[in-house]
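A.B. asks: Here are the chains, one letter per residue:
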Amino acid sequence: MVRSLLVRGMLAGALAGLLAFAFAWIFGEPQVNLAIGFEEHMRQMAGEAPEPELVSRAVQSTVGLLTGVVVYGSAIGGIFALAFAGAYGRLGRLAARGTAALLAAAGFVVLILAPQIKYPANPPSIGEPETIGVRTALYFTMIALSLIAALAAMSTGRQLARRLGVWNGVLIAGAAYIAVVAVAMLILPAIDEVPADFSATVLWHFRLASLGVETVLWTTLGLVFGVLAERQLEPQRRRPAPRGVRV
Amino acid sequence: MTIADKTRVQAPASIPLREIVPWAIFAGLICLLALYFVGAEQGATSIFPGMYIHEFVHDGRHLLGFPCH
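Protein chains in written order, with this note's numbering: chain A, 1 to 247; chain B, 1 to 69.
I should point out that these hints are in silico values taken from the structure, not numbers from a laboratory.
Worth double-checking, as some hints may not be accurate.
[Said to hold, decoys possible] Label pairs and their in silico Cβ distance ranges:
(1) A/Arg-162 with B/Leu-17: 19 to 27 Å
(2) A/Pro-50 with B/Pro-16: 25 to 33 Å
(3) B/Val-21 with A/Ile-178: 28 to 36 Å
(4) A/Thr-201 with B/Pro-16: 50 to 58 Å
(5) A/Gly-98 with B/Val-21: 20 to 28 Å
(6) B/Val-21 with A/Ala-175: 27 to 35 Å
Glycine is no exception: its CB is placed at the ideal position from the N, C-alpha and C atoms.
Model the full assembly from the supplied sequences, consistent with the hints where possible.
C.D. replies: Given below as structure tokens:
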């Protein structure tokens, strides 16, 4: 059963990756190109030779981008399917589609949105090569803290829901998650390596496009996986509903 | 109340955790490894020498929000 869910998750993830690639190609690539143009310009002003291209821009912006996003989507889809297998039947009366949609929304907020509020995506030419180690460690630390806070809040919320009702339990768990993540953001050091002359507009558009790519990916994953999981787990729900009844 | 309504109000049967754990370990690790190659290989740490993987997935790495360069 889990194996079949895993395959469905990776398929839904690959499809989500394809859509996210289309979005990234249309809305993200123009900003990447503007940022690389800035980088080349700064290099020329400093009298340095242009950086040799190990992989051409034509490959990076098409096959490379497609490979990266689809592999990422499939891997996220696989992990998503495993989380779904654990959550299914344990989230009140939520059925397959509802569980998948809720899990995708939570995954997006906890693993993408919250960490990126602290450490947003950066286009090429932002970020010192010497600090890549620290920046990578801090980014993954933020993701880990957000995930731990969410799991702790969920566990507390389940207990509170029994005493105070589901509505109050969920509200308190949400507030607790936000409070813990806010403290983590205050404690972790800030990173700001944006060059003084870098266009604020390009930076804003790039970060918006980056969040858009992740939004397309997680939304597609949650909705498509929900349908595939429903076919596997709840075949009886796919029978046509009796006349006049909406299922 | 119809039959369809009755089936909706029950919680669906959950999958036993001992069935999930072996898959979570093996498939979970493979998926995390794939994420590592897209998101971080030849950046902060390298399994393979050179910069080819980094440069090939370069645009995806930036647009997916991973630290790069």
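A.B. asks: Hint by hint, note whether the structure agrees.
C.D. replies: Evaluated hints:
no. : hint                                : verdict
1   : A/Arg-162 with B/Leu-17: 19 to 27 Å : 20 Å, holds
2   : A/Pro-50 with B/Pro-16: 25 to 33 Å  : 59 Å, violated
3   : B/Val-21 with A/Ile-178: 28 to 36 Å : 31 Å, holds
4   : A/Thr-201 with B/Pro-16: 50 to 58 Å : 53 Å, holds
5   : A/Gly-98 with B/Val-21: 20 to 28 Å  : 24 Å, holds
6   : B/Val-21 with A/Ala-175: 27 to 35 Å : 32 Å, holds
In this structure, the one hint that does not hold is number 2.
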